[in-house]
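Novice: Here's the letter readout for the chains.
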Amino acid sequence: MRRLRLIQAALLLALLAPLAAGAQPARAAFKETVLSDPQPGFDDPRRILLQISTSDEREINNILWNAVNLQKFYGIDNVKIAVVAFGPGMVALYKDSPVRERIESLLKYGIEFLGCGNTMETTHRSPDDLIEGVDYVQAGIAEIVERQLDGWIYIKP
Amino acid sequence: MRRLRLIQAALLLALLAPLAAGAQPARAAFKETVLSDPQPGFDDPRRILLQISTSDEREINNILWNAVNLQKFYGIDNVKIAVVAFGPGMVALYKDSPVRERIESLLKYGIEFLGCGNTMETTHRSPDDLIEGVDYVQAGIAEIVERQLDGWIYIKP
Amino acid sequence: MRRLRLIQAALLLALLAPLAAGAQPARAAFKETVLSDPQPGFDDPRRILLQISTSDEREINNILWNAVNLQKFYGIDNVKIAVVAFGPGMVALYKDSPVRERIESLLKYGIEFLGCGNTMETTHRSPDDLIEGVDYVQAGIAEIVERQLDGWIYIKP
Numbered sequence: 001m002r003r004l005r006l007i008q009a010a011l012l013l014a015l016l017a018p019l020a021a022g023a024q025p026a027r028a029a030f031k032e033t034v035l036s037d038p039q040p041g042f043d044d045p046r047r048i049l050l051q052i053s054t055s056d057e058r059e060i061n062n063i064l065w066n067a068v069n070l071q072k073f074y075g076i077d078n079v080k081i082a083v084v085a086f087g088p089g090m091v092a093l094y095k096d097s098p099v100r101e102r103i104e105s106l107l108k109y110g111i112e113f114l115g116c117g118n119t120m121e122t123t124h125r126s127p128d129d130l131i132e133g134v135d136y137v138q139a140g141i142a143e144i145v146e147r148q149l150d151g152w153i154y155i156k157p
Numbered sequence: 158m159r160r161l162r163l164i165q166a167a168l169l170l171a172l173l174a175p176l177a178a179g180a181q182p183a184r185a186a187f188k189e190t191v192l193s194d195p196q197p198g199f200d201d202p203r204r205i206l207l208q209i210s211t212s213d214e215r216e217i218n219n220i221l222w223n224a225v226n227l228q229k230f231y232g233i234d235n236v237k238i239a240v241v242a243f244g245p246g247m248v249a250l251y252k253d254s255p256v257r258e259r260i261e262s263l264l265k266y267g268i269e270f271l272g273c274g275n276t277m278e279t280t281h282r283s284p285d286d287l288i289e290g291v292d293y294v295q296a297g298i299a300e301i302v303e304r305q306l307d308g309w310i311y312i313k314p
Numbered sequence: 315m316r317r318l319r320l321i322q323a324a325l326l327l328a329l330l331a332p333l334a335a336g337a338q339p340a341r342a343a344f345k346e347t348v349l350s351d352p353q354p355g356f357d358d359p360r361r362i363l364l365q366i367s368t369s370d371e372r373e374i375n376n377i378l379w380n381a382v383n384l385q386k387f388y389g390i391d392n393v394k395i396a397v398v399a400f401g402p403g404m405v406a407l408y409k410d411s412p413v414r415e416r417i418e419s420l421l422k423y424g425i426e427f428l429g430c431g432n433t434m435e436t437t438h439r440s441p442d443d444l445i446e447g448v449d450y451v452q453a454g455i456a457e458i459v460e461r462q463l464d465g466w467i468y469i470k471p
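Residue numbers (the numbering used here), protein chains in the order written: chain A, 1 to 157; chain B, 158 to 314; chain C, 315 to 471.
Hint data in this document are derived by calculation from the structure and do not stem from the laboratory.
For each residue, glycine too, the CB sits at the ideal point set by N, CA and C.
Mixed in with the good hints, there may be bad ones.
[What the hints assert, rightly or not] Some residues of chain C that are not near chain A, with every Cβ distance over 12 angstroms (derived):
id, residue
1, Glu346
2, Leu420
3, Gly447
[What the hints assert, rightly or not] Just so you have them, the derived chain C footprint on chain B, three or more residues with Cβ under 8 angstroms:
id, stretch
4, 186 to 195
5, 229 to 242
6, 255 to 263
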């Protein structure tokens, strides 16, 4: 009889445990991002390619935030970031850009900005229109292809 | 003369043939998606990374549809899907999300949802605001980088 | 004394040089896109996957421009381009598409267009609705996964 009562008590506890857990909903778990090998470092920095293909100022600002977050996450010496713009996204890189000051600041932090020569030609803009420090390639989209093949990680934020 | 008539008839046929073909337009061909090696399976599931970076409810719903379509295509045991949100996309993962029920349902089907700690900090939201079962990392964008390096396939739907 | 004056002159020049450069702001530098190995060619063309998942006509037109720019950059024989549409992006591929003529023209240039069977089923459209020459797969998103695994370079323009 004693043994039976013990089993009954154990069963009761087992039944009640989930209820108690349910009354106190689990907090979202923080997950540490697992760094893949080879680990990023000064000699082997992560190489990350971000794309701007929108003219929406809010979206462009969000994309630029990602560059900042990546430098914060990896440490500025352990990551190389290139932002490639093309199509409507080119508005971000001209001297009359709504985000000119942010881009000038990010350039100082070593972030690379590349414009698209094809887009400039089609829209009758000149390389002189680009913010100082911004470079350009013939075709932004081809630059994204070739860098991916070279091991850069592509993200369209 | 006989030969000339034969040539004329042949020419006429050659001229009419394309017209006949045109009258009965070709139906679009169904193409079977070719599975790459190694084939996906329980022991070696496809690992797919979807991104939510928009607050647009219609777009978010479309992204979630892709998760469902991927499970349907591969079979639920042969694919692991992680949905990483950051920036404006974080609205999808909070308890007041317009798609809360869908996400709760997808969580039950084993789809992983990860929020961005940086975005939560910037927008003064707490991990307690996240839908139960949703986890978070420090930087959503860095998680996407590291998982790509680990072999996950990245798609921004 | 003579030597001192020479040094003074040299110092003065060194001090003035940056000022002179500053007065004439640097023109944005053109950067040649570095082609990764193996070099693209007729026998080993670049394989590039573009995605249409928006119904916005302006955005769709921009995506199609990228296909043209890629052929221009690599040369038509050195690149294979597949455009995969799904979700709202499917509107681009039907006979009543706002960009039907452009797609028919791009098809003639060897660009491949693939629709999504799942989207067609959900939206009650038939393969007969597709522009002639456009094919379709069961799930556009799965096609993008498998082609990436096969070495295609994915870009969402």
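Novice: State the violated hints by number, sorted upward, taking the hints as numbered earlier in the document.
Specialist: Numbers 1, 6 - these are the hints that the structure violates, sorted from lowest upward.
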